[in-house]
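Chain residues, written in single-letter form:
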Amino acid sequence: MEENKEHLDALRDIKQMMERSSRFISLSGLSGIAAGACALVAALYTWQIFQSYQAAGFNFRHMAFEPNGELRLKLLVIGGITFTLAMSLAFIFTYLRSRKTGIPIWGTMARRLLWNTVIPLFVGGVVVVRLLDVGLHGLIAPSCLLFYGLALLNGSKYTLPEVRWLAYGQIILGLINLWMIGYGLIFWALGFGILHILYGSIMWWKYEKQ
Amino acid sequence: MKNPIENLNKVFDSRIRLGIMSALLVNADVSFNDLKELIEVTDGNLASHLKTLEEAVYVKVTKGFVGRKTNTTYTVTRAGEKAFKQHLLALEQMIRKIK
Numbered sequence: 006m007e008e009n010k011e012h013l014d015a016l017r018d019i020k021q022m023m024e025r026s027s028r029f030i031s032l033s034g035l036s037g038i039a040a041g042a043c044a045l046v047a048a049l050y051t052w053q054i055f056q057s058y059q060a061a062g063f064n065f066r067h068m069a070f071e072p073n074g075e076l077r078l079k080l081l082v083i084g085g086i087t088f089t090l091a092m093s094l095a096f097i098f099t100y101l102r103s104r105k106t107g108i109p110i111w112g113t114m115a116r117r118l119l120w121n122t123v124i125p126l127f128v129g130g131v132v133v134v135r136l137l138d139v140g141l142h143g144l145i146a147p148s149c150l151l152f153y154g155l156a157l158l159n160g161s162k163y164t165l166p167e168v169r170w171l172a173y174g175q176i177i178l179g180l181i182n183l184w185m186i187g188y189g190l191i192f193w194a195l196g197f198g199i200l201h202i203l204y205g206s207i208m209w210w211k212y213e214k215q
Numbered sequence: 117m118k119n120p121i122e123n124l125n126k127v128f129d130s131r132i133r134l135g136i137m138s139a140l141l142v143n144a145d146v147s148f149n150d151l152k153e154l155i156e157v158t159d160g161n162l163a164s165h166l167k168t169l170e171e172a173v174y175v176k177v178t179k180g181f182v183g184r185k186t187n188t189t190y191t192v193t194r195a196g197e198k199a200f201k202q203h204l205l206a207l208e209q210m211i212r213k214i215k
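Order-wise, the sequence lines are chains V and L.
Start counting the first sequence at 6; every next residue gets the next number (the numbering used here).
Start counting the second sequence at 117; every next residue gets the next number (the numbering used here).
Check before you lean on any hint, since a few could be wrong.
[Unchecked claim] With a straight-line Cα cutoff of 25 Å, these simulated DSS-like cross-link-like pairs (lysine-lysine) come out:
#1 Lys185/L with Lys20/V
#2 Lys152/L with Lys201/L
#3 Lys213/L with Lys198/L
#4 Lys126/L with Lys10/V
#5 Lys10/V with Lys213/L
#6 Lys213/L with Lys167/L
#7 Lys20/V with Lys10/V
#8 Lys162/V with Lys126/L
#9 Lys201/L with Lys126/L
#10 Lys105/V with Lys20/V
#11 Lys20/V with Lys162/V
#12 Lys213/L with Lys20/V
#13 Lys105/V with Lys162/V
#14 Lys201/L with Lys20/V
#15 Lys176/L with Lys20/V
#16 Lys20/V with Lys167/L
#17 Lys213/L with Lys185/L
#18 Lys126/L with Lys20/V
#19 Lys201/L with Lys162/V
#20 Lys126/L with Lys167/L
#21 Lys213/L with Lys126/L
#22 Lys152/L with Lys105/V
#23 Lys214/V with Lys79/V
#24 Lys152/L with Lys20/V
#25 Lys126/L with Lys152/L
#26 Lys211/V with Lys105/V
#27 Lys176/L with Lys201/L
#28 Lys214/V with Lys105/V
#29 Lys126/L with Lys185/L
#30 Lys167/L with Lys10/V
#31 Lys167/L with Lys152/L
#32 Lys211/V with Lys162/V
#33 Lys152/L with Lys176/L
Derived by calculation from the structure, the hints in this document are not laboratory data.
The following block holds chain V by itself, in its conformation from the complex (with noise of 0.2 Å):
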């Protein structure tokens, strides 16, 4: 029976390493739930400036089309702050959890992670550019969508797994998003947002719930 167990603790061991060296794992779900919980509070308050345009006679849905400068500055600082403050509130808690686990933040697996990431979503982030250029602001919000939920996909071979589930989502609702233009709030809302949280509180659930 004892050299059972002996036994037992190597292979856990052997599995604990083959995952330990090979992926970054100190991602926390916290850090989906405080991102999505900026997303959600971003989408509400654009969504009650959106109401107000509305009330003075203008349609939003055809921003869409027919860009209006004001407005659309407004949204491109509304953005920035909320992209800023999501991604600095993800880093904290996952640097805290890193800090819990005795695993440097900052390692080769850390590296492979960013790096696999931020290719996409830098191609990502040049195509939107574009798109706000030529006036096709319609394409934004699922090229958004596309574009990350691809940087995830690429990047949950070197984290935990089940951000694959989670970039799954995002691809679906850019790809629904691409056919109905003029709803990107909602879809922004319901994939940066409430998929976040969402993933966030399984993955807090299943591997930090103490």
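Given the coordinates of chain V, work out where chain L should sit on it, guided by the hints.
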């Protein structure tokens, strides 16, 4: 029937060597410093275990440079992979038998 304990590889008796092999099997190559962080051992300790694995021709050493600093990386050899898989199989058999 042969006792499966004979299939257990003596080289993998040590937890550190087991750890090294596990890390090398799922990565194309791993640097000395990464191994040190992963397994949480001292330089000397890790070096001596790596030496043992090298002598058994289970791992291959590549000495390179990153800028001016030396960067030693390790990869698993075909023989090492085979030996490790056999060891895993033996562990599995042992557990089954005792159960």
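Provide an ascending list of the numbers of those earlier hints which the structure does not satisfy.
-> The structure conflicts with hints 1, 6, 8, 17, 23, 29 and 30, although it agrees with all the remaining ones.
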